[in-house]
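There are 2 protein chains.
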Amino acid sequence: MASIRDVAKLAQVAPSTVSLVLNNKGYVSEVSRKKVLDAIEKLNYVPNELARNLYRNSTNIIGIIVPDVAHPFFGAFIGALEIALYKYNYKIMVCSTIERENAEHEIVDMLRRQMIDGIIMGCHSLEVDLYDNVNKPIVAFDRIINNKIPIIRSDHEKGGRLAAQAMLKAGCKYPLQITGIKNSSMSAYLHHSAFKDELSRNGIEVINYEMEWNKFDMNYFKRVAVDVFEKYPHIDGVYGADMVVCACLGEARKRKLDIPKDIKFIAYDGTFITESSFYNITAIVQPINILAQKTAQMIVSLIKNENIEKEVIVPISIRYGDTC
Amino acid sequence: MASIRDVAKLAQVAPSTVSLVLNNKGYVSEVSRKKVLDAIEKLNYVPNELARNLYRNSTNIIGIIVPDVAHPFFGAFIGALEIALYKYNYKIMVCSTIERENAEHEIVDMLRRQMIDGIIMGCHSLEVDLYDNVNKPIVAFDRIINNKIPIIRSDHEKGGRLAAQAMLKAGCKYPLQITGIKNSSMSAYLHHSAFKDELSRNGIEVINYEMEWNKFDMNYFKRVAVDVFEKYPHIDGVYGADMVVCACLGEARKRKLDIPKDIKFIAYDGTFITESSFYNITAIVQPINILAQKTAQMIVSLIKNENIEKEVIVPISIRYGDTC
DNA sequence: GTGAAAGCGCTAACAG
DNA sequence: CTGTTAGCGCTTTCAC
Chain A
1 MASIRDVAKL AQVAPSTVSL VLNNKGYVSE VSRKKVLDAI EKLNYVPNEL
51 ARNLYRNSTN IIGIIVPDVA HPFFGAFIGA LEIALYKYNY KIMVCSTIER
101 ENAEHEIVDM LRRQMIDGII MGCHSLEVDL YDNVNKPIVA FDRIINNKIP
151 IIRSDHEKGG RLAAQAMLKA GCKYPLQITG IKNSSMSAYL HHSAFKDELS
201 RNGIEVINYE MEWNKFDMNY FKRVAVDVFE KYPHIDGVYG ADMVVCACLG
251 EARKRKLDIP KDIKFIAYDG TFITESSFYN ITAIVQPINI LAQKTAQMIV
301 SLIKNENIEK EVIVPISIRY GDTC
Chain B
1 MASIRDVAKL AQVAPSTVSL VLNNKGYVSE VSRKKVLDAI EKLNYVPNEL
51 ARNLYRNSTN IIGIIVPDVA HPFFGAFIGA LEIALYKYNY KIMVCSTIER
101 ENAEHEIVDM LRRQMIDGII MGCHSLEVDL YDNVNKPIVA FDRIINNKIP
151 IIRSDHEKGG RLAAQAMLKA GCKYPLQITG IKNSSMSAYL HHSAFKDELS
201 RNGIEVINYE MEWNKFDMNY FKRVAVDVFE KYPHIDGVYG ADMVVCACLG
251 EARKRKLDIP KDIKFIAYDG TFITESSFYN ITAIVQPINI LAQKTAQMIV
301 SLIKNENIEK EVIVPISIRY GDTC
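Protein chains in written order, with the numbering used here: chain A, 1 to 324; chain B, 1 to 324.
Please keep in mind that the hints were generated in silico from the structure rather than gathered at the bench.
Do not take every clue at face value.
All copies of an identical chain are treated as equivalent in the list; a pair is satisfied when it fits inside any one copy or across any two copies.
Straight-line Cα separation of at most 25 Å, BS3-like style, residue types lysine-lysine; simulated pairs [stated by the list, open to error]:
id: 1; residue 1: 158; residue 2: 25
id: 2; residue 1: 173; residue 2: 9
id: 3; residue 1: 136; residue 2: 34
id: 4; residue 1: 215; residue 2: 87
id: 5; residue 1: 158; residue 2: 182
id: 6; residue 1: 42; residue 2: 136
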């Protein structure tokens, strides 16, 4: 591995001159510049980023924690974040907490150890106090951690209301919603309670079906779907996150229900799977790209020590499909 | 930021002693150890990983390139890789090439600059010569780069054959396969040609429908589905990757075809979306966890300079659903 | 314009 | 068992 000193030696200049050329800083005579560039070429020299990182005390890497990369919502979010952060010259390092409980500790630790410049926290931590003494850039995505850490999320209250209104308009009388909520600090709580309230205000009571929390595999959702229809065969509307609604649609088919006549479905999130199913599923669509852009912007501002808003709420909308 | 020197000063020992304590190396008297630990506690000291990285000339980060993190296959692969690599104490850094053409250059560059210790290359590069002079750990996932870089993939030939046999058994006479292949170095080529050959051997000709390459969005697949049925309304079997098969199923529904009586479907990959659709889609299932484990194992061996196999081929199987 | 020198924070020889 | 010292490879003052 050629170092900057080797280049300097070959070019017959000082290491600092090489550095200036590399970083396009200060003034370097054309003669020296040429000699340096030639030497770099000849030695096939590549600067060592680790030394730079040490000097600058930063890596231009942002850590991202999500429950599960393979989940369509988080997958899309991460993809969008990668692109958004790239514009600010940051790379991403992804950690999933599902199946790896201590991922959260680890990434906070990496922040402390200077391995990453900031964290985008998109999972539902149970150990909020983990973040108490970390006075470094952290942005919370769709989750309240503490009152110091800024948060970005969709307008879930409106999302829940939109869904409720669509159910009402479609003439739904016995709606059921499937929740997977640990506690009210999770913002999913917001749309589910808005959904319930809005319907209730119109004289319709929503059945709450509670799932296990932080479960994302299709087989589990299928079991939930079976259970939902066994316990509540009379329902004529289902509201829940994309994947579980997909599973319920499949179950409705097995039960030979006519969709949307017999039963209506609205999915929350509106990831590609609501469009890839047999039916186009009516969905409340979270604007993933905008969320990612805002999140990227915020973590970068935080790193630069700029002023930021404590809360960014992004508008949400409904996309009508065949199921409601 | 407290440094190792501050700790040493407070503990009244030398920095090297602190280092020994931190790394649990060599012998340190209980008295010194205690003093050091106290000082660390008091100063809230956290070692700076960047300095370590510089010294060791490694970061324990593996770069992963895929076309699209949000794609269900790659999402699952990345999730599995994260877990597999975690066991070897590596973190991952993800890059998608879709929408970011130069991601590939960048990540190779990071390898050169010592920012990452190795690369798992899971996208279909068009610039194979990019890798010619990189004499560092690279593993190719499902893709031939050059004869120096080891490859891991499923047994696609068998996958194609299994699909063909299932189609035959189901009595399919006019199968169509949807490909998205750039050139024969892509291993998708293998299963598609095996599929065609196997059916041909049984007197059945497969129609080839060629999609654009490296396109992964659902809307595109839906357009493809419409086009497929418009051009070839008489087909009674569709074979292709998960997402496009999902789209075709949706189109078949619109055309009121009876599934699987009128038309059969087999999806290649078998990601969760084949199980989340209205139907359980019959699929050739790539063993993502095993692929990820083998890939992780291989890149780690490569980093450690151990001997490795040049090619690892993992068995594949068919999962019967409702569509064939 | 350019070079010498200090230092980012840590590790590992090597004396003692 | 512990301290001194010399780097890892780069950047940046600060003289010249």
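Here is how each hint holds up against the structure:
1. Proximity of residue 158 to residue 25 under the C-alpha cut-off of 25 Å is found in neither arrangement, the shortest distances being 51 Å within a copy and 58 Å between copies.
2. Taking CA atoms no more than 25 Å apart as the test, residue 173 paired with residue 9 passes in neither setting, with 82 Å inside one copy and 73 Å between copies.
3. In this assembly of identical chains, the alpha carbons of residue 136 and residue 34 never lie at most 25 Å apart, being 42 Å within a copy and 29 Å across copies at closest.
4. In this homomeric assembly, residue 215 and residue 87 come within 25 Å of each other (Cα to Cα) only across copies, at 22 Å, whereas the closest approach inside a single copy is 33 Å.
5. For the homomeric pair residue 158 and residue 182, the shortest alpha-carbon distance inside one copy (21 Å) is at most 25 Å, but the shortest distance between copies (44 Å) is not.
6. When the C-alpha separation of residue 42 and residue 136 is checked against a cutoff of 25 Å, the pair qualifies only between copies, where the shortest distance is 19 Å, while the shortest distance within a copy is 42 Å.
The structure does not agree with the numbered hints 1, 2 and 3 stated previously, though it agrees with the rest.
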